[in-house]
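> Whenever a hint applies, use it, and build me the whole structure from the sequences.
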Amino acid sequence: MEMTRRTALADASDVELTIPLETVCFIIMKAREYYAKDVVTEPDPGSNPSDDRGAAVLEDHKNDATEQELRSIIDNLSIDEQIDLVALMWLARNDEAAREWKTVRREAAEAHNEHTEDYFLGTPLAPDYLADALSMLDYSCVDYEAERL
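Residue 202 is where the sequence shown starts when you use our numbering, and the numbers rise one by one after that.
Don't read these hints as lab results, they were simulated from the structure. Glycine residues also receive a C-beta, built at the ideal position from the N, C-alpha and C atoms. Mixed in with the good hints, there may be bad ones.
Said to hold, decoys possible - Here are the simulated EDC-like pairs of lysine to aspartate or glutamate, each with C-alpha atoms no more than 20 Å apart in a straight line:
(1) K231 with D329
(2) K303 with D215
(3) K231 with D276
(4) K238 with E318
(5) K238 with D265
(6) K231 with D344
(7) K231 with D319
(8) K231 with E346
(9) K303 with D281
(10) K231 with E268
(11) K303 with E234
(12) K231 with D333
(13) K238 with D339
(14) K231 with D265
(15) K238 with D319
(16) K231 with E348
(17) K303 with D265
(18) K231 with E270
(19) K238 with D281
(20) K231 with E318
(21) K238 with E282
(22) K231 with E297
(23) K303 with D333
To be verified - For each label pair, taking beta carbons as the anchor points, the in silico distance ranges come out as:
(24) K303 with S336: 15 to 25 Å
(25) H313 with D215: 35 to 45 Å
(26) Q269 with T304: 12 to 22 Å
(27) G323 with D296: 19 to 29 Å
(28) S336 with N264: 32 to 42 Å
(29) S273 with R349: 32 to 42 Å
(30) A237 with D215: 34 to 44 Å
(31) D215 with E270: 29 to 39 Å
(32) A347 with H316: 25 to 35 Å
Here's what the structure looks like:
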């Protein structure tokens, strides 16, 4: 599998991520699954899941496996990787230019704490921010997504 970095722009050419691109792409895909969940329509249906054709997996239940997986992935990132993750979100959210990466990353480092996964999961647009920031920095998850879809 090859993760791609498109032809570098002048502003983005000196940006090297601490967090592996494949990890960011995986987080984006998992976060999109997580945020696609719907409200629970019947909290304790008492029926056989096979009769429901698996619809419950699309509902936002307590102890959601996708949420637990995202929390685990983010919690297991190094501090520098967590800082990159937050900085990527901020870069796109604040519509910063790629040339502002060092400033945004420094601010994310100053704000870092042990609640990165809570912050990420509390930001519904996080997967879009990450994808937009990667694009701004001339990275792409296209190959990663194509292999998994």
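> Hint by hint, note whether the structure agrees.
Now for the hints, and whether the structure bears them out:
no.: 1; hint: K231 with D329; verdict: 12 Å, holds
no.: 2; hint: K303 with D215; verdict: 10 Å, holds
no.: 3; hint: K231 with D276; verdict: 15 Å, holds
no.: 4; hint: K238 with E318; verdict: 18 Å, holds
no.: 5; hint: K238 with D265; verdict: 10 Å, holds
no.: 6; hint: K231 with D344; verdict: 16 Å, holds
no.: 7; hint: K231 with D319; verdict: 15 Å, holds
no.: 8; hint: K231 with E346; verdict: 11 Å, holds
no.: 9; hint: K303 with D281; verdict: 13 Å, holds
no.: 10; hint: K231 with E268; verdict: 8 Å, holds
no.: 11; hint: K303 with E234; verdict: 30 Å, violated
no.: 12; hint: K231 with D333; verdict: 16 Å, holds
no.: 13; hint: K238 with D339; verdict: 30 Å, violated
no.: 14; hint: K231 with D265; verdict: 12 Å, holds
no.: 15; hint: K238 with D319; verdict: 17 Å, holds
no.: 16; hint: K231 with E348; verdict: 15 Å, holds
no.: 17; hint: K303 with D265; verdict: 35 Å, violated
no.: 18; hint: K231 with E270; verdict: 8 Å, holds
no.: 19; hint: K238 with D281; verdict: 30 Å, violated
no.: 20; hint: K231 with E318; verdict: 13 Å, holds
no.: 21; hint: K238 with E282; verdict: 27 Å, violated
no.: 22; hint: K231 with E297; verdict: 25 Å, violated
no.: 23; hint: K303 with D333; verdict: 17 Å, holds
no.: 24; hint: K303 with S336: 15 to 25 Å; verdict: 19 Å, holds
no.: 25; hint: H313 with D215: 35 to 45 Å; verdict: 22 Å, violated
no.: 26; hint: Q269 with T304: 12 to 22 Å; verdict: 34 Å, violated
no.: 27; hint: G323 with D296: 19 to 29 Å; verdict: 20 Å, holds
no.: 28; hint: S336 with N264: 32 to 42 Å; verdict: 34 Å, holds
no.: 29; hint: S273 with R349: 32 to 42 Å; verdict: 19 Å, violated
no.: 30; hint: A237 with D215: 34 to 44 Å; verdict: 35 Å, holds
no.: 31; hint: D215 with E270: 29 to 39 Å; verdict: 33 Å, holds
no.: 32; hint: A347 with H316: 25 to 35 Å; verdict: 33 Å, holds
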